[in-house]
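Residues per chain are reported as follows:
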Amino acid sequence: MARMATTRRVVVSTIGAWLFGFLIFFPILWMVLASFKTELEAFAIPPSFLFFHWTTENYATVQERSDYFLHATNSIIIAGGSTLIALLIAIPAAWSMAFSPTKRTKDILLWMLSTKMMPPVGVLVPIYLIYKSFGLLDSRIGLVFILCLGNLPIVIWMLFTYFKEIPRDILEAARMDGATIGRELVHVLTPMAIPGLASTMLLNLILAWNEAFWTLNLSTSNAAPLTTFIASYSSPEGLFWAKLSAASTLAIAPILVLGWFSQKQLVRGLTFGAVK
Amino acid sequence: MGQITLQDVQKSFGPVHIIKGADLEIADGSFVVFVGPSGCGKTTLLRLIAGLEDVSGGKILIDGKNVVDTPPAKRGLSMVFQSYALYPHMSVRGNIGFGLKMAGLSKDETNRKVEAAAATLNLTPYLDRKPRELSGGQRQRVAIGRAIVREPKAFLFDEPLSNLDAALRVQMRIEVTRLQKQLGTTAIYVTHDQVEAMTMADKIVVLNGGKIEQYGSPLDLYEKPANLFVAGFIGSPKMNFVTGEHALQKGAATIGVRPEHLKIERDGAGGWQGTIAVAEHLGSDTFLYVDAGPLGMLTARYIGELSLHAGDHVSLVPDPARIHRFDASGNAIRG
Ligand SMILES: Nc1ncnc2c1ncn2[C@@H]1O[C@H](COP(=O)(O)OP(=O)(O)OP(=O)(O)O)[C@@H](O)[C@H]1O
Ligand SMILES: [Mg+2]
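Residue numbers (this note's numbering), protein chains in the order written: chain A, 1 to 276; chain B, 1 to 335.
For the record, the hints were derived by calculation from the structure and aren't laboratory data. Watch out, some of these pointers could steer you wrong.
Restraint ranges, calculated between C-beta atoms of paired labels, are given here [stated by the list, open to error]:
{"hint": "1", "chain 1": "B", "residue 1": "S162", "chain 2": "A", "residue 2": "T102", "range": "27 to 35 Å"}
{"hint": "2", "chain 1": "A", "residue 1": "W111", "chain 2": "B", "residue 2": "G57", "range": "29 to 37 Å"}
{"hint": "3", "chain 1": "B", "residue 1": "P71", "chain 2": "A", "residue 2": "W111", "range": "24 to 32 Å"}
{"hint": "4", "chain 1": "A", "residue 1": "N210", "chain 2": "B", "residue 2": "N163", "range": "45 to 53 Å"}
{"hint": "5", "chain 1": "B", "residue 1": "E25", "chain 2": "A", "residue 2": "P92", "range": "35 to 43 Å"}
{"hint": "6", "chain 1": "A", "residue 1": "T102", "chain 2": "B", "residue 2": "G283", "range": "53 to 61 Å"}
{"hint": "7", "chain 1": "B", "residue 1": "P294", "chain 2": "A", "residue 2": "P101", "range": "55 to 63 Å"}
{"hint": "8", "chain 1": "A", "residue 1": "V257", "chain 2": "B", "residue 2": "A116", "range": "44 to 52 Å"}
{"hint": "9", "chain 1": "A", "residue 1": "I141", "chain 2": "B", "residue 2": "A116", "range": "52 to 60 Å"}
{"hint": "10", "chain 1": "B", "residue 1": "P71", "chain 2": "A", "residue 2": "F26", "range": "57 to 65 Å"}
{"hint": "11", "chain 1": "A", "residue 1": "K116", "chain 2": "B", "residue 2": "D54", "range": "31 to 39 Å"}
{"hint": "12", "chain 1": "B", "residue 1": "S162", "chain 2": "A", "residue 2": "V257", "range": "49 to 57 Å"}
{"hint": "13", "chain 1": "A", "residue 1": "W111", "chain 2": "B", "residue 2": "E25", "range": "43 to 51 Å"}
If you want the footprint, here are the derived chain B segments under chain A, 3+ residues with CB under 8 Å [claimed, not checked]:
{"hint": "14", "stretch": "71-79"}
{"hint": "15", "stretch": "87-95"}
From the three backbone atoms N, C-alpha and C, an ideal C-beta is built for every residue, glycine too.
The whole structure should be built from the sequences, with the hints applied where relevant.
Here is the structure:
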C-alpha cells in the first residue's frame, strides 16, 4: 500500500518536473527551431513544430551581415574582464567584512545592495556624458568598467555569504602557523572558498554576458557584444524572426554550453550553506 | 625558551568584563593547565596569550618581551584547537608542513621535519590523506603534529581531547604528556575535566568568573585549597562542607572534609551521625551519600568494598589532620 503510494508519487512528480522543465526550456527550443526556418515559415499560423523546410541560410546571412566573431570576442572580453576585476575587488572586501566585521558592516552591505535597487536608467545620462568626455563610449574598457561596477554588489554579497560559512578556527590556525594576511587569503581562504568562488564567477559571467542595458546604450559597433548584435536584428526595416532567432542562438550558445558543463558546480554553489 | 608572564591582563567584550586582571608566571618547559567551570574565561585567556584576541589592559611577556602588540603569527606559539581546525583542502603532509612553509623552510627540510613529526605520532601511513578521510583520533594527532613540528616557544591547547571517546582520551592524555616532557616545551592546556588537570599538569590555574582563584601544583590544590571555590572544584567526589556549630568549634565559618577523609563507622557514637541515602559499589571504591540531618548531605568514600546499604545508620568521623578551615569570606585559614 505505502509502497504503491510512494511509487505513484514519484511518477507524478517526475512527470511534473519534466513538464515544468520543458515549459521553461520551450522559448529557447522555439528560438532554435525558428532559426532553421525560412522567414515566411517563422511566423506562419498555425506554426509548424518540426515539419518544415529546414535551412541554415539564416546563419549564413547573419554571419555575412555582421561579424559574429568580433561581437563574440567582445562579449568574452567584457563578461570575462568585468568578472575578473569584480572578483579581485570583492574577495578582499568580502573577506574583511566576513572575518573582521565592525559595527557598520551590516550597513555597508545593505548600502551596497541598495545601489542595485536604483533603476540604471536613472544614471544613464550622467554616465553617458562622463563616458563621452573620457572617450569611453563604444570601448571595451568602458563596458568592462560599468558591468564590473554594476555586478560588484552581488559578487560581494555572494562571497560574503560563502566566506561566512568557513570556520573561523581554520583561519586562526593559519595565523598561528605564521601566515600573514595575504598568505592566509591565498593558501587557506581562497582554496576553501573555491566552490563559492566558482559559482559566483559563473553567475556573474552569465549576468554580464546577458547584460543589455548598458551594452546597448554605451556601444555601437567596435566594442559591441552579442547583445547589441542581437538587437541589430530588430531593425527599423521590420522584424526578421528567423534571422533574429539565428543571431540569438549564436549569442547564447557559448554561455549555454558553459552553463551546461558547470551546472553541477552552479547548483552546488547556489545551495551551498542551505544544505551543506 | 618559553617563559610566559601575565601582568594584570584584562579583557572586556564591549561592556562585559571577562578577564578581571590575571597575573601569572609560567616557567619555561612547564605544563600548566587552566581549569574552571564553563564560561569562566579559560578560552579567552588562552586566546589572549595566542594573540587571537587583543588585551584590554595589562601585559603579556614571552621570554621577557611584551607581545601585546605582536600579531599571533609572530609570537612563536602554536595552538591545538578543540575543533582541530585542520586545513580541509590539504593532505596530512600539507597540514603539518604548512607552518614550516610559511616560515620559508626549503622543501627538503620541510619534508624531513614533517616525516619525523608524523613518525612520532604514528601518522606515517596517512601522510597523503585528506583530513576528511581520517578518524577523530587521527585528526587530533595531525593537529598536534602541526603544533610540534614548528618547535614553538609554547603549545596552547584548548580542550583538545573533548571530542574523543573516553578510552581514546585517556590514551591521548598520556601521549600528550609524554610528548611534552620529551620535547621540554612549555604547554598551556585548557580543560574543564579535572582528572585531565590533575594528571597532566605541573601546575594548575583555577579560574572562576574571570579571576584566578589559585595557582599551584595539583597536590597543593588538593591539600591546601586557597578558598571554598577551589576546595569544592578540585577533587571528586566534591569536598563536604559543614557550617554552624561544628565549624565554630574549630574556629572557622566553614569546615571542609574530603569524602576520602571521613572514616565510616557502623555503630560508633562519635562523629557525624546519618542514614545512608544512596550507596554506590564500584568494587574498587564504595561511595556513600549520607543524610546527616542538620549537617545536610555528606559524601564518604571507602577504598574497596564495604557492605553497607541504603537505610543503614552510620557515623562519619573526620580525620582531624585533614580538616580544611575557611573564614566567613571563604578564604582558607592556615595554621
Ligand atoms: N567574542 C566574544 N564576545 C563577547 N563575549 C564573549 C566572546 N568570547 C567569549 N565571550 C564571553 O566570555 C566568557 C568566557 O568565555 P570563554 O570562552 O573564555 O569561556 P570558557 O571558560 O572557555 O568556557 P568553556 O569551558 O565553556 O569553553 C563567556 O561568558 C562568553 O560568553
Ligand atoms: Mg572554552
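Checked hints:
Checking the proposed 27 to 35 Å range against S162 (chain B) and T102 (chain A) shows it holds: the Cβ atoms sit about 32 Å from each other. For the pair W111 (chain A) and G57 (chain B), the supplied restraint of 29 to 37 Å holds, since their beta-carbon distance comes to about 35 Å. Here the CB-CB span from P71 (chain B) to W111 (chain A) is close to 30 Å, well matched to the stated 24 to 32 Å. Distance hint check for N210 (chain A) and N163 (chain B): the Cβ-Cβ separation is about 48 Å, which falls inside the suggested range of 45 to 53 Å.
Taking the beta carbon of each, E25 (chain B) and P92 (chain A) are about 41 Å apart, inside 35 to 43 Å as hinted. For the hinted restraint 53 to 61 Å between T102 (chain A) and G283 (chain B), the CB-CB distance of approximately 59 Å keeps it satisfied. A hinted range of 55 to 63 Å for the beta carbons of P294 (chain B) and P101 (chain A) is consistent with their spacing of about 56 Å. Distance hint for V257 (chain A) and A116 (chain B): a CB-CB separation of about 50 Å, consistent with the stated range 44 to 52 Å.
At roughly 54 Å, the beta carbons of I141 (chain A) and A116 (chain B) sit within the given window of 52 to 60 Å. The supplied range of 57 to 65 Å is met by P71 (chain B) and F26 (chain A), whose beta-carbon atoms lie about 58 Å from each other. Between K116 (chain A) and D54 (chain B) the Cβ separation comes to about 36 Å, which falls inside the hinted range of 31 to 39 Å. The hinted range of 49 to 57 Å is satisfied by S162 (chain B) and V257 (chain A), whose Cβ atoms lie roughly 50 Å apart.
At roughly 49 Å, the beta-carbon separation of W111 (chain A) and E25 (chain B) lies within the given 43 to 51 Å, and the hint holds. Counting residues of the stretch 71-79 of chain B whose CB lies closer than 8 Å to any CB of chain A gives 7, so the stated coverage by that chain holds, three being the minimum. By the rule of at least three residues with a Cβ nearer than 8 Å to a Cβ of chain A, the coverage given for the stretch 87-95 of chain B holds, with 3 such residues.
In summary, the structure agrees with every hint in the numbered list given earlier.
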